[in-house]
Amino acid sequence: MKNLRTASVLPPVLVGIIGLALWEGAVTVFEIKEFLLPKPSSIWARLIDEWAVLRHATWETGKIAISGLLIGILLGVLLALITNRFKVLNDGLTPFAIAINATPIVALAPIFNVWFGLTGTFSNQAVVIAVVFFPVFINTGKGLNEVHPNEIELMHSYASGDWTILREVRIPNALPFFANSLRLAAPLSVIAAIVAEYFGGPQDRIGNVITSSAGFAKYDVAWAAIAMASGLGLLLFGSALVTERLSMPWRISGDIKDN
Amino acid sequence: MTKRKALRTALTVLVTLILFVLFWEGYKWMGQQTDDHWPGTGFGLPVSTDDLTMPHSGDIFKELTDDIRAGRETLPMTVYLAKKAGFTFLEAAIGFSLGVIVGLVLAIFMLRWRFAERGFLPWINVSQTVPLIALAPIVVTWARLQGYPDMVGISLIATYLTFFPVAVSGLRGLQSPDSSDVELMHSYAASWSSTLIKLRLPAARPFLFPAFKLAATLSVVGSIVGEISIGTKTGLGRAILDFAQRYAVWPERLYSSVIAASLLGLFVFGLVNAAEWLVIKRGREVLK
Amino acid sequence: MIENSENLEEAVSIRAADKVFNPDSDNEVQALLGIDLDIKEGDFISLIGPSGCGKSTLLRLIADLLVPTAGEVKVFGKTANQARLDQDYGMVFQHSGLFDWRDVSANIELPLELKGWSKADRQARSREMLELVRLEEFKDHYPRQLSGGMQQRVSIARALSFEPRLLLMDEPFGALDEMTREHMQVELLRIWRETGTTVVFVTHSIPEAAFLSSKVVVLSPRPGRIHSEITVDLGSRSDQTREDPKFFQATTEVREALRAVEAS
Amino acid sequence: MIENSENLEEAVSIRAADKVFNPDSDNEVQALLGIDLDIKEGDFISLIGPSGCGKSTLLRLIADLLVPTAGEVKVFGKTANQARLDQDYGMVFQHSGLFDWRDVSANIELPLELKGWSKADRQARSREMLELVRLEEFKDHYPRQLSGGMQQRVSIARALSFEPRLLLMDEPFGALDEMTREHMQVELLRIWRETGTTVVFVTHSIPEAAFLSSKVVVLSPRPGRIHSEITVDLGSRSDQTREDPKFFQATTEVREALRAVEAS
Amino acid sequence: GSDEAAVGSGDCDSVDSVSLQLQWVTQAQFAGYFAAVDRGIYNDYCLDVTILEGGVDIVPQQQLASGAVDFAISWVPKALVSREQGADIVNVAQVFQRSGTLQVSWADAGIGSDPANLRGKKVGNWGWGNEFELVAGLRDAGVEDGSYEMVGQSFDMMALLNREIDAAQAMIYNEYAQVLEAKNPATGRLYEASDLAIIDWNDVGTAMLQDAIWASGERLASDPNYEDITTRFVAGSLEGWAHCRDNAGDCVDAVLDNGSALGESHQEWQMNEINNLIWPSPDGAGMISSDAWSQTVEVATTSGDLQAAPDSGAYTNEYVEAALDILSGKGVQTFGSGWQPKSVTLREGGE
Ligand SMILES: Nc1ncnc2c1ncn2[C@@H]1O[C@H](COP(=O)(O)OP(=O)(O)OP(=O)(O)O)[C@@H](O)[C@H]1O
Ligand SMILES: Nc1ncnc2c1ncn2[C@@H]1O[C@H](COP(=O)(O)OP(=O)(O)OP(=O)(O)O)[C@@H](O)[C@H]1O
Ligand SMILES: [Mg+2]
Ligand SMILES: [Mg+2]
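Protein chains in written order, with our numbering: chain A, 8 to 266; chain B, 11 to 298; chain C, 2 to 265; chain D, 2 to 265; chain E, 3 to 353.
No lab work stands behind these hints: they were computed from the structure. Misleading hints may appear alongside valid ones.
[What the hints assert, rightly or not] Some chain C residues judged to face chain D by a derived CB distance under 10 Å, without partners named:
(1) 26
(2) 30
(3) 34
(4) 37
(5) 38
(6) 172
(7) 177
(8) 178
(9) 182
(10) 205
(11) 223
(12) 237
(13) 239
[Stated by the list, open to error] Far from chain B, by Cβ distances over 10 Å, these chain A residues were calculated:
(14) 46
(15) 49
(16) 70
(17) 98
(18) 110
(19) 157
(20) 176
(21) 180
(22) 246
(23) 249
(24) 254
(25) 256
Because the structure is a prediction, the values reported are computed rather than measured. Note that beta-carbon positions come from the ideal geometry of N, C-alpha and C, so glycine has one too.
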């Protein structure tokens, strides 16, 4: 077990270190200007210098990303449940879900700012929700729908109704699909929150740090902020993985193929 | 049978659309009556219903037929948006093709070396949390120094978004064949590359096509974002940016350009669907 | 309640049952035609026949998972629907159909939970059942951690847990290897003897049908009809029975009936 | 090239072969121990034994899909590796292992394609093979459009397409229903007689082993060893043979060997 | 190149290709350059100019410093911060002599034209370095940090129209006009200038220099040919601006022809206001006044946005002077002393 953990942590760390070293080396050797692509070492230095600002900004953005993520998940699951119950809705709504997904954040953010106001947090949360909702809705819907007919028949043989079947079969069956959508949605929520911040609102957030430093070509600060955002994204991704493991004990203990 | 199903789907979509418009107008009407409060209460509505915040759906559709000056000529909005969408589609197509290639190459690379899989997969995830604002200048500078038009830079941004689902799902697909299938190829003394071509790639198709669908819509999103980020003379992104700036004076235009972007997304989604049918399903229906 | 005039010894009684799938469409299938079948309480009936002849369909009619297009199906003198609502039968499918997300005892307790049994009662019963199928130590395992044979035994335990008077089994041993299968057959006979239930058993295997049943029903396909019924009497069976010439003769008889079906 | 001193009539010869999986780790498995086995050209050998006793492992050693931990495996006097590179054998897996995206003839042509045959040659051969397994009309169908038995026949055609001198089959009929299975057994014997290849056949089914083989090798598990070899002589077999007391006697003999294995 | 006598005459031995990076999309703010291309003015200077529009994430001075373009238009303070980051760029012509940034509020909000009244208010701004003048103005007015709330604005003016913020940042030539093109739901007619109050940083004294032409310092130092091109480019551009001063309608057409989505009356307004930022140019168009320069540097260093005052290489009048010589030789009026703004009527939607 311990072995396994080092085996899964070591390679990415190693690749990360090699990647950063190559980056540092390339910037040095090819004399790439720091105002275009700063060295990891300068980014690190800025990260230390600006820690207080960055930490605060990350926290503010994090709150929006996480709350938006949670609401988006809730909404996605709810809609998946509803469309599963009323199949007609599924045909009607899926194209709209695709259409919303094909609409870039940059188009949604100004509209949401008008709808929900610039000064509160909801317009930015709404952007996160719109982005997160799609993968959750599609995947969970698939999981609720693609149940083995045998399992349904078994429940019928117990004279169970639709609700019991939903609780006993469809929901557990959808869990792995749902978990997969979380993996996608978690990093998406961070990027969505950041991009939404480009379009206004309170200015003590990570997106503003990025834009205001990029506006002067202070890319070392911008990248330090991006590193924080990536960290936040990884954290949420990690939480998604942990939730997945905790909520589905039968998966890890049973899957011999996984090892 | 399938024809009937297609008809039914089209009908439900139409009905949903009508219901949505009715909801929009109904909500607007209610807000106008109650000065943006829930009827009979002091609670404000979440979205105010004035013509600036929520233009009439009819005005939005009417906007599509109205004329707009585009450079030296004046065109109906639909034609104007269609032209822009055509340009964006071109960028998206290049971005999509490159993204598919990059994604597949990465997937194959991770398939070949287990260490690469473990080492790179988390970073591929991290890559998607890096905002374009940090990448766009690098991409544009690089493209310009090579003497390429900015369209190349925009397509590269689209590539950056599209390679991700292809790499992740592609890897899963390439790993999907049963070990007995791999053993079969081994028993024929087939090389690693012929196993890849004759077994793994075809077996990966059911995983790849859903990824392609996602990648296709992402390539549109990426092109639009790239246009806004880098700046082009044309493209839907440019239209959205122009109209977003002028929301206060002409909100219908932003809505109509957003509708155009959504339709383009649906269109490329449909294209991949059709390709999937041609490549995987045609002639292979299980006869019951 | 209206007293039923039929003989109460009849566990299942099917009269002139037809089943048509997708009627009046391009892919209409006449799955069963004019089925008449009586099964007495305590019988062990096997249904055998070529693939697609309607064995599973017939089982599903009895289980009220399908409704006959014509004719009637009675179970313990009631309509099949009433019997399903009363949970008069337990069903075992070809693939064990266990829920991955429930451990072994939770799987066995599922029907009891749905019937609203108390937790203590459920646990007591599942322990009993695990003993019956000899899987006491595996109660906390998840299905994926068990071999195919063990899963099938859990599935049988689940079907038996609420002591149904009728057990419907659709190729329950199809996925097992021959040795495990023969072992399970002996187990099933033991359970059948001990609990006294009626069993309707679908199989593809001639020796299995011959070894287990008091009566083998041979179906012919397209549309599914009952071709013949073969009564078997091997007395109390054990592994030795398989080397008994009487068993050999029974298999030969079933094989010949099947060959006649295939030829027709 | 060094001339090999072994008897060239030996199709497969295994000497003191061991196979350990995951050596020196927590989940080390001694799959095979001290296997000695000689198979003559033209033989039809069945491997039978309880699940997990190492039948598939032994077959994979012959196929050079696994390398023995100790001992040696020779195929037609060469190393197993050389034999694999020379494509001396064809292999059929339990699940037909056909590629969904290739139609029937493209599946059969796969090994020929890999060997670089011309298109015309491949087509000619696949037509021949389809005739052999009696599926001429289905050449343009995709695997999912075929029944399990038909798929298995395609898989056999594929294995035979390049005329290997040795056919390795791992439970090829495991997924079929009994009637189809018996039919396929007769077909396989016909092909075997017509082509004169050597066959090594893994099965779980006692009657199948007895019906097909000139010799049944019984393996015992944990670690896998050869428990006994039973020579069968049923002469030229047909469907009638299954009702022959000599066949019944052979199955009894195999069953007793297996029971002894399970008891130990 | 071309020999001295022929500069600006269109008599070319060869033509140099040059690229110019704008800070934003096509609009009258850049009319001089578009007119110079479309009306063949650059051709007279033996230049083939490609104009690259700006995007949300494009920083013109960075594109210039990395060598992707030959010249860039950028605001002085932003460019100076980039210069501090190592971008070797030089201001070679200060096209806009005045700042066009306003802080706009509703007349009835009582903010008027005094930044001190922003205390306790929600103050909109765009970020991206567009907020320097505002922050300095507030500081000078004694409004301390934290006693007002800074709120980021979208591109549009909706936050002001919805009264979500009390004062919005606006360029006099663009966003300010947008408000005047919108319909007042209360009256059903367009908003009027009297509905609004403005703080003009030129009056407050924290105005900073805006649109200037920047060139690569490294190339100016090492490449005589680039120096020559710079002179010709500055001359051509200034001639373009002089053309727009005298032919505003023609320049609006040029901008619209280049695909601006802004309406005609909006562009007319913008052209007029832009001219007003350029003309009159007391020292001659493009000349960098050391007073205005010092004020810009001082405001930026006091706020801490700039660590230190830039070295003297940050700007030079050398090329403007040469260009002005050429222009006066051609008889182009480069002081605009007679300039009078017109009054432009905005129509609904800016059409
Ligand atoms: N839900 C259904 N819809 C349409 N046709 C069906 C359906 N279920 C079964 N059939 C058809 O009814 C016939 C009988 O099917 P059934 O499953 O009862 O056969 P079976 O004897 O159980 O076969 P097998 O041995 O392969 O399980 C077949 O032709 C089958 O294709
Ligand atoms: N790749 C492997 N890694 C580790 N252990 C293995 C591997 N392959 C097989 N084994 C183990 O080796 C033993 C023999 O396996 P093998 O598959 O040869 O058995 P078998 O006789 O074919 O069984 P079955 O009848 O179930 O197919 C088993 O205990 C199995 O768990
Ligand atoms: Mg069946
Ligand atoms: Mg095996």
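inquiry  = Are any of the numbered hints broken by this structure? If so, which, sorted upward?
reply    = 1, 2, 3, 4, 5, 11, 12, 13, 17, 18
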